[in-house]
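So the chains spell out like this:
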Amino acid sequence: MAQPGNKPVFAPWNDPHQKPLIQFKNVTKRFGDFVAIDDLTLDIYAKEFFALLGPSGCGKTTLMRMLAGFENVTRGEILLDGQDIARVPPNKRAVNMMFQSYALFPHLSVANNIAFGLKRSSMPKEKIPARVEEMLRLVHLEQFANRKPHQISGGQRQRVALARSLAKAPKLLLLDEPLGALDKKLRQDTQFELMDIQEKTGTTFVIVTHDQEEAMTVASRVAVMDNGRMIQVDTPDRIYETPNSVYVADFIGDVNLIKGRIESSGGDNYTIQWAEGQAPITAAGPQGLTSGTSCHFAIRPEKVAISAEKPTDRSNALQGKILDIAYLGNVSTYHVELANGQIIKAQVANNRRISRRDMTWDDNVWVSFTDTAGLVLLK
Amino acid sequence: MNRKFTLFNATSLTLGFAFLYLPMLILIIYSFNASKLVTVWAGFSTRWYGELLQNDAFLDAAWVTIKVAAMSSTLAAILGTMAAYVLVRGGRFMGRTLFSGMIYAPLVMPEVITGLSLLLLFISIGLDRGIFTIVLAHTTFSMCFVSVVVSSRLVTFDKSLEEAALDLGCSPLDAFVSVTLPIIAPAVISGWLLAFTLSLDDLVIASFTTGPSATTLPMKIFSSVRLGVSPEINALSTIMISIVTVGVITASLISKRSIARKQGEERTAATVDASAA
Numbered sequence: 001m002a003q004p005g006n007k008p009v010f011a012p013w014n015d016p017h018q019k020p021l022i023q024f025k026n027v028t029k030r031f032g033d034f035v036a037i038d039d040l041t042l043d044i045y046a047k048e049f050f051a052l053l054g055p056s057g058c059g060k061t062t063l064m065r066m067l068a069g070f071e072n073v074t075r076g077e078i079l080l081d082g083q084d085i086a087r088v089p090p091n092k093r094a095v096n097m098m099f100q101s102y103a104l105f106p107h108l109s110v111a112n113n114i115a116f117g118l119k120r121s122s123m124p125k126e127k128i129p130a131r132v133e134e135m136l137r138l139v140h141l142e143q144f145a146n147r148k149p150h151q152i153s154g155g156q157r158q159r160v161a162l163a164r165s166l167a168k169a170p171k172l173l174l175l176d177e178p179l180g181a182l183d184k185k186l187r188q189d190t191q192f193e194l195m196d197i198q199e200k201t202g203t204t205f206v207i208v209t210h211d212q213e214e215a216m217t218v219a220s221r222v223a224v225m226d227n228g229r230m231i232q233v234d235t236p237d238r239i240y241e242t243p244n245s246v247y248v249a250d251f252i253g254d255v256n257l258i259k260g261r262i263e264s265s266g267g268d269n270y271t272i273q274w275a276e277g278q279a280p281i282t283a284a285g286p287q288g289l290t291s292g293t294s295c296h297f298a299i300r301p302e303k304v305a306i307s308a309e310k311p312t313d314r315s316n317a318l319q320g321k322i323l324d325i326a327y328l329g330n331v332s333t334y335h336v337e338l339a340n341g342q343i344i345k346a347q348v349a350n351n352r353r354i355s356r357r358d359m360t361w362d363d364n365v366w367v368s369f370t371d372t373a374g375l376v377l378l379k
Numbered sequence: 380m381n382r383k384f385t386l387f388n389a390t391s392l393t394l395g396f397a398f399l400y401l402p403m404l405i406l407i408i409y410s411f412n413a414s415k416l417v418t419v420w421a422g423f424s425t426r427w428y429g430e431l432l433q434n435d436a437f438l439d440a441a442w443v444t445i446k447v448a449a450m451s452s453t454l455a456a457i458l459g460t461m462a463a464y465v466l467v468r469g470g471r472f473m474g475r476t477l478f479s480g481m482i483y484a485p486l487v488m489p490e491v492i493t494g495l496s497l498l499l500l501f502i503s504i505g506l507d508r509g510i511f512t513i514v515l516a517h518t519t520f521s522m523c524f525v526s527v528v529v530s531s532r533l534v535t536f537d538k539s540l541e542e543a544a545l546d547l548g549c550s551p552l553d554a555f556v557s558v559t560l561p562i563i564a565p566a567v568i569s570g571w572l573l574a575f576t577l578s579l580d581d582l583v584i585a586s587f588t589t590g591p592s593a594t595t596l597p598m599k600i601f602s603s604v605r606l607g608v609s610p611e612i613n614a615l616s617t618i619m620i621s622i623v624t625v626g627v628i629t630a631s632l633i634s635k636r637s638i639a640r641k642q643g644e645e646r647t648a649a650t651v652d653a654s655a656a
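Chains R and Y, in that order, give the protein sequences.
Sequential numbering from 1 applies to the first sequence in the numbering used here.
Sequential numbering from 380 applies to the second sequence in the numbering used here.
Looking at chain Y on its own, in the form it has when it is part of the complex (with noise of 0.2 Å):
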């Protein structure tokens, strides 16, 4: 394999990341700026994010949207887990291809039509649109990704684990609870982190659903940015930025350690063997 830093290389790095990340830099930059037109340069300041923490209806879409994420997220992980549970374990029942065909549909189903159909369905039934049908709404698509990624850790797990809890006298809902659940923890925890943040940057199926009472942010942002962009949604989309960034390095930080002290510990653990032979 060719290991040399060629200047090849070096271009197709650069325009591979400045494609992805340029975007993004302006936007940092301009959050900075003290002048009040976005695209003039008048020097450093920190002076929207002091307008920003002013502004109350930024800071309350905020807590809507958190709200409606934390709680969609929660319902997601556990309905997802469900279903996953019993599509990988549910053993040969009838529709079982229909179910599992279903249950990934809306992954591919254009947000558009979910929301269309989800507002529909609550002005039939009555509802009244607010936080709780966001909630509903997002529940909803985002339960089909936590499936697929608790189902393809499920495929993986090592049956017999679940049959050595119920010979040692666990009632299968026992086994589930405490030898599965724990063992496919980090696949749950991935799936609510993956629902977390897709009902935080959803915009179109939360504004067919949502009613005058709730506000998310990324319908506030997009309704302001029609009036014309202002440098607080610049300072706003920084902090954004800056949250998920830190966010990501941790996780994959914690991770990565914990992984290399696991194979650390197993090879310690294998050499035992070897040298009592």
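One chain only, chain R, in its complex shape (with noise of 0.2 Å):
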């Protein structure tokens, strides 16, 4: 999420003094032998839009059922607002949440859709027809009130799963791929109109997704999950500039994962030996490694410059020819091949017109970086 710099950072994570709404407290699930959920512990905060991110079967969805009521846990403790909800059935949860195939009954309009839950509120009766009118109005759906689902479109059904899911004001919303069935163009409109009822009413949101990109622009924080396992639980700048690992630098956007061993160390700025006949490759890393330490550097292809010459101002410059051109309209990436068959993806703003760019195919190159531009991992 996107902060103004006028305004004070919303980081509530980053205060100890805050309270978390939601806390898994060692939380084990496990399906017959299948471990789905291993061992987690996880703090989310009021307020907060938080994605769950990863590959399908890694748990995500089993956390979000957990949190809903769906599925028990075999270990552990889920609180919220500082009380333990393992016993509490679904029904009975200040939480709601909004399936993957909206899940809208047939049979009722979509006013009643949205009454539905009320009806079974203590809301007085008298009050529910101005909730319903004023969750339409949240999601422009007013003229659409007594349609049945069938009779509406994919975009405005998903829009209707959501006022519904919100109706009720919950202390927390779910959101299980909930763009997941619509087309790129609807998804990339729906994402923004999901921050800003997000901030509108100041739900706790909590997303699964298995697309990084929404999960990049809609949350507050991403955490990237593996085998039941939270791997890193970070904001979207902090999980794509700083990966704690391998997997995750690997997962969230495109990199170059160079294999090599820390030779001498020097403060934090090492130096790494990765291939026969190449020069080492210096990069800045954690402090206290010692020499010998077999790691990944990591570096994202936009931050590798290309060049016909060998650049002076850069203290990494690897010598290669092009295999391959990815023209993408607004950016180009280059595959170029290194002397011992390495393949380093060097990506380049196209902001000449094509005619313009004077490498091709075959020609020898000259990829770039600085010192700092890339990450040394240890797993």
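Think of the hints as simulated: they come from the structure by calculation, not from any bench.
Glycine included, every Cβ here is placed at the ideal spot set by N, Cα and C.
Check the hints yourself; a few may be wrong.
To be verified - Derived list of chain R stretches under chain Y, where covered just means 3 residues or more per stretch with a C-beta under 8 Å from a C-beta of chain Y:
{"hint": "1", "segment": "83–91"}
{"hint": "2", "segment": "94–102"}
{"hint": "3", "segment": "111–121"}
{"hint": "4", "segment": "150–159"}
Unchecked claim - Below are the BS3-like pairs computed for lysine-lysine, each with C-alpha atoms no more than 30 Å apart in a straight line:
{"hint": "5", "chain 1": "R", "residue 1": "LYS303", "chain 2": "R", "residue 2": "LYS321"}
{"hint": "6", "chain 1": "R", "residue 1": "LYS119", "chain 2": "Y", "residue 2": "LYS538"}
{"hint": "7", "chain 1": "R", "residue 1": "LYS148", "chain 2": "Y", "residue 2": "LYS446"}
{"hint": "8", "chain 1": "R", "residue 1": "LYS92", "chain 2": "Y", "residue 2": "LYS538"}
{"hint": "9", "chain 1": "R", "residue 1": "LYS119", "chain 2": "Y", "residue 2": "LYS641"}
{"hint": "10", "chain 1": "R", "residue 1": "LYS185", "chain 2": "Y", "residue 2": "LYS446"}
Mind docking these for me? Both chains are given alone in their own frames, and the hints should help you get the complex.
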């Protein structure tokens, strides 16, 4: 989530006095022999837009279904506002969920779908129509109140599902792949609408997605999961710029990974030996790494420059041959093969028209980067 | 694909339909026969329809049949739906496979055996045989059919609809009544209709389980045919055939029209996203 410069930064996770809204404490979930969630501890704060990201089968949906109350916890506890909710059935939780299939009731009109939860709450009957009206306005569907779900489009159904799950003003809203069924253009528009609604209502959102771009766009923090474990929980920019492992670096965005060995250490600057006959890479890394440790050097393609002449102002320069050019319109990705067969991807913004580009297939070029552009990763 | 209407197609169509409908056609024609002899044509008349309406024995039997069918199909719809729900949604429990096998067993059980075993049961517990016992017997065998129809609908039912109901504050019972039941209602209704029809034309089980006080229409027809076919029975059968025909045609017209309307609306709705993008 972009933070305007003049407002205080929203970062309750950095404030030790803030109490988390949701706490997972050493939660384990087993299905028979299969461990879906493995001893997981996690705090989510009020008003956060929290994204659970991972490949299918990583446990993100199970985590969400435990929050909703559809799955039991095998071990550990989940606290909502300081209270253990393990034994609370789904219909008694101040948590609502927006389902991937939307799960709109086909026999009820749009307005009655939204009113469904309100009719089963403590809200007085005469106040329900006004609340339904308010929710319809929030998602811009006022004129569709009397339609049945099959009489509206997929994008409109998605908004009805959102309005229905927000109607009871839950403490926490769970969104299971909310935009998965929409096409790309509509999905991008809806992402901004979701952020807008989240800010307007001040509800805590937890979203499950396998689309990293979506997670990066909407979330205040992203949790990258794999095999039932949290690999890294951080803000989108830190997940992208300072991944804590090869898995995260590789899962989020595009990355060049070079396997090597730390050679000499002086402070937090290291030299990495990575191939016979290739100049070592100099890079900054965490302090106190010992010589001989094997590591991965990770660098994002857009931080690699490509030039015909050897640059003099960058500490790392490697020579190679252009193998492939992927032209994406706004950017081009050059695949450069080095002498030992290693392929380095370099991404260049196409700020000139195509006719002015001077490099082409099989050209000998230099790829270069500064010593702070990449990362030394140990796992 | 060959879409031409050839001689071969015409012949097989004629043969097939003749095989199916010729007996009924003859029955209908002879129900308008003026002669008292069933096999001799003596001109068009509706007199047997008039006489049928004067025949109290037939009318009583018809009334008993309808009462039995209505009661047993309603009971069967309730019990069959409950059984289907548990078998599809109950998760895994001890003996689930055994139960699901047992619920379908009466489908293939010979009617004579079902009837006989029910008769023995009613005698041993000292139940007076009559309308009530026929209702019980019909419920027993027709609830399996309801269960088959309803569970095939439940298998394709999106489970997240029930979860959404729970999530929005429904108790499990409320979720079933206000979400699941309205959505599977068409399957429950067709199960009910199936049970109703099965009960209407059952002869064997009813004969076993009835007492002197209750005679259903199939039993009445069967016993009077044994004394010789009367033109009144032709008239009665014609009435039954026309009721069934009208029912089937109306039902299929209604469902066809509602499907067409729904598809049309979905097509219109889908264009909204396309024009918005």
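Subject >> Violations among the numbered hints >> reply: 7 and 10
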